[in-house]
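Q: One-letter residues, chain by chain:
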Amino acid sequence: MPSFANKGLNESDTVELSGAERHATTAKLSQSNQARVGVRLRVALPLLIIFLIIALLIGLYVGYQPLDLAALRSDPIARAVFLRLRLPRVVMAGLVGASLAMVGAALQALFRNPLADPFTLGVSGGAALGASIAIALGVGLSFAGVPLIFIAAFTGAGLSVFLVYRLAHSGGGVMLPGALLLAGVVLNLCASAGVLVIQYLASYGRALQILRWLIGSLDVVGFDLIWKMLIFLIPGWLVLVANARDLHLLATGQESAASLGVDVRHTERMVFIASSLIVGVTVSVGGAIGFVGLIVPHAARLVFGQDVRVLLPASFLLGAAFLILADTLARVAISPGELPVGAITALLGGPVFLLLLRKQQRYSAM
Amino acid sequence: MKSDLSTTRATQITGRDALVNADGPLIQAQHLSFAYSSLPAVADVSLELPRGAMGALIGANGSGKSTLIRLLAGLLKPDSGEMIFNDAPLSTLDGRERAKRIAYVPQSTATVFPFTALEVVLTGRSPYSGRFRFESAHDEQIALAALDALDAAHLAARHITELSGGERQLVTVARALAQEPELMLLDEPASALDLKHRTQLARALRRLRDERGIAVLMITHDLMLLDSAADLIFAMKCGRIVASGPPEAVLTDKVLGEVYDAPVRTMRSDGRTFVWSEL
Chain A
1 MPSFANKGLN
11 ESDTVELSGA
21 ERHATTAKLS
31 QSNQARVGVR
41 LRVALPLLII
51 FLIIALLIGL
61 YVGYQPLDLA
71 ALRSDPIARA
81 VFLRLRLPRV
91 VMAGLVGASL
101 AMVGAALQAL
111 FRNPLADPFT
121 LGVSGGAALG
131 ASIAIALGVG
141 LSFAGVPLIF
151 IAAFTGAGLS
161 VFLVYRLAHS
171 GGGVMLPGAL
181 LLAGVVLNLC
191 ASAGVLVIQY
201 LASYGRALQI
211 LRWLIGSLDV
221 VGFDLIWKML
231 IFLIPGWLVL
241 VANARDLHLL
251 ATGQESAASL
261 GVDVRHTERM
271 VFIASSLIVG
281 VTVSVGGAIG
291 FVGLIVPHAA
301 RLVFGQDVRV
311 LLPASFLLGA
321 AFLILADTLA
331 RVAISPGELP
341 VGAITALLGG
351 PVFLLLLRKQ
361 QRYSAM
Chain B
1001 MKSDLSTTRA
1011 TQITGRDALV
1021 NADGPLIQAQ
1031 HLSFAYSSLP
1041 AVADVSLELP
1051 RGAMGALIGA
1061 NGSGKSTLIR
1071 LLAGLLKPDS
1081 GEMIFNDAPL
1091 STLDGRERAK
1101 RIAYVPQSTA
1111 TVFPFTALEV
1121 VLTGRSPYSG
1131 RFRFESAHDE
1141 QIALAALDAL
1151 DAAHLAARHI
1161 TELSGGERQL
1171 VTVARALAQE
1181 PELMLLDEPA
1191 SALDLKHRTQ
1201 LARALRRLRD
1211 ERGIAVLMIT
1221 HDLMLLDSAA
1231 DLIFAMKCGR
1241 IVASGPPEAV
1251 LTDKVLGEVY
1261 DAPVRTMRSD
1271 GRTFVWSEL
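Just so you know, the protein sequences line up as chains A and B, in that order. Number 58 in our numbering belongs to position 58 of the first sequence; there are no gaps in the numbering. Number 1110 in our numbering belongs to position 110 of the second sequence; there are no gaps in the numbering.
Wrong hints could be hidden among the right ones.
To give an idea of the chain B side of the interface with chain A (calculated C-beta under 8 angstroms), a few residues [to be verified]: (1) S1066; (2) A1073; (3) P1106; (4) F1134; (5) M1224.
Some chain A residues flagged as far from chain B (calculated, every beta-carbon gap over 12 angstroms) [unchecked claim]: (6) P46; (7) I53; (8) D224; (9) A242; (10) I334; (11) L339.
Covered by chain B, per the in silico footprint, the following chain A stretches (three or more residues, Cβ under 8 angstroms) [as the list claims (entries may be wrong)]: (12) 183-189; (13) 254-265; (14) 306-320.
Note that these hints are calculated values from the structure, not bench results. Beta carbons are placed, not taken as given, at the ideal position from N, Cα and C, and that holds for glycine.
Whenever a hint applies, use it, and build me the whole structure from the sequences.
A: This is the structure in structure tokens:
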């Protein structure tokens, strides 16, 4: 058989050729440290912090009346307005934006779906339903009752995550991206139907209150509410960051992650609880502000790559800056009136969602 | 470098358990059974794979091969029976310790996120670094060397979503290699590979066995390749192992005919086995 006689010769040829090739590639790659994640994070964080500071300054400066530094020093009223109204509002926007964006990035990795976001998965909807029930029952009438709304919204969010997961994850470990989003849509519909029923049944005053709250606003007086939020948010953030490595491994595939030693069930549970907590608190304060968790991680991916360990902190900082800027726009766009910030994020987020959907269809065609 | 690592590992194990027998089997399955809800997939399977051996798992579709591999990888818990790895129950190793010794390559490796191939291979280093530590330059060298060993170094910077099915399989095998395991469990690693890459993968696995003593157990439907690549073949049917042994003992008309329930013919020539089936 002549083909076998040639075999030895061909073999050594291939090895030599690819050997030279491979050394070139190896050298090139190890010279440029671009691939190294630690390096990428060290570049990303300072850049993002600078961006966040710029956003903060813009948010603090721009408003119904631009900031007057001289007046701030001399006029106690101007100072009070700044410290009790504008500063808390900008901080609130930052907290909500950072939280939603980081939860978005975490859920995307967990569900291995770039379209996952507290809003598209129906988690915000569940939180809204929980909070509406709390308001209708009267526990949300005053700010003193805020922790109760937190808990109601947290419960609603938690139930939604659990349901979406069970619906889309019908055994076998394979999660169909379409099923996940459909489950989210259905949950959102059910939740808003629930909210409508509650509004219909509630007294006129409370129905109006639910409506105003659903539209969402980052308006806040003083820092009391912000401290209360931080009690819930900080543990949630820490849990997500602590799970960043496992989320990164999960994003490359569930079975692979499990074989690399990730306790998949445990990670899922921790991320679900942390996400529900964060979404519950932010939604019960700011209303359902959509698409932040979708746009921001996507933008972070474009700039800093796919590594979830970079994406989580990057989305956190970028989300804060993004919502501060969006809220600034909401405050001044039709000044002296005010647009709901959720409208602005939805106007930006809708097209991004459609773009991503197109892209994903291409991927899942494989 | 690699041999240093394995020596320390060996002494660690010896330190923990003085009864370790270096000549004993690397992994041993004892009367494993597993059922998905009530559908039995693996029934009373026992097998032994020696250190540094290349084993292959063959059988018809749905005969329980993937389930058995997942059990051995520690991804599924057996309903009954036990896996013994290095003379200790596999269940005593925690996930990350297990991942340093046993690497698993799943059948499908599709991901929606455009990670680079190098990023994917680098995840194989995660059992060695802490929760808050990123991969070092050393890890990167190992990852690149793993791609290199499979002649896939040119894929390092490519996005995994843009690769062909076969290229993705090579990248996933490279990730398993980057784990520096003692045992690699591969679920149809060559199913999407063309003839050239199939041969290359078999050659690479054989080289790894010879140079680093890595044992391999792979599921495959490519019976012709086995003859030259495998030391041991396990044939499964209906959740049981019905035949095992060296290729010349398993790749026969009688055994294959029974395993596949089809008229399989074999012919030995030039020290090779040719397998085909009658229509």
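Q: Please name the hints from earlier in the document that this structure breaks, with their numbers sorted from lowest to highest.
A: Violated hints: 1, 5, 9 and 12; rest satisfied.
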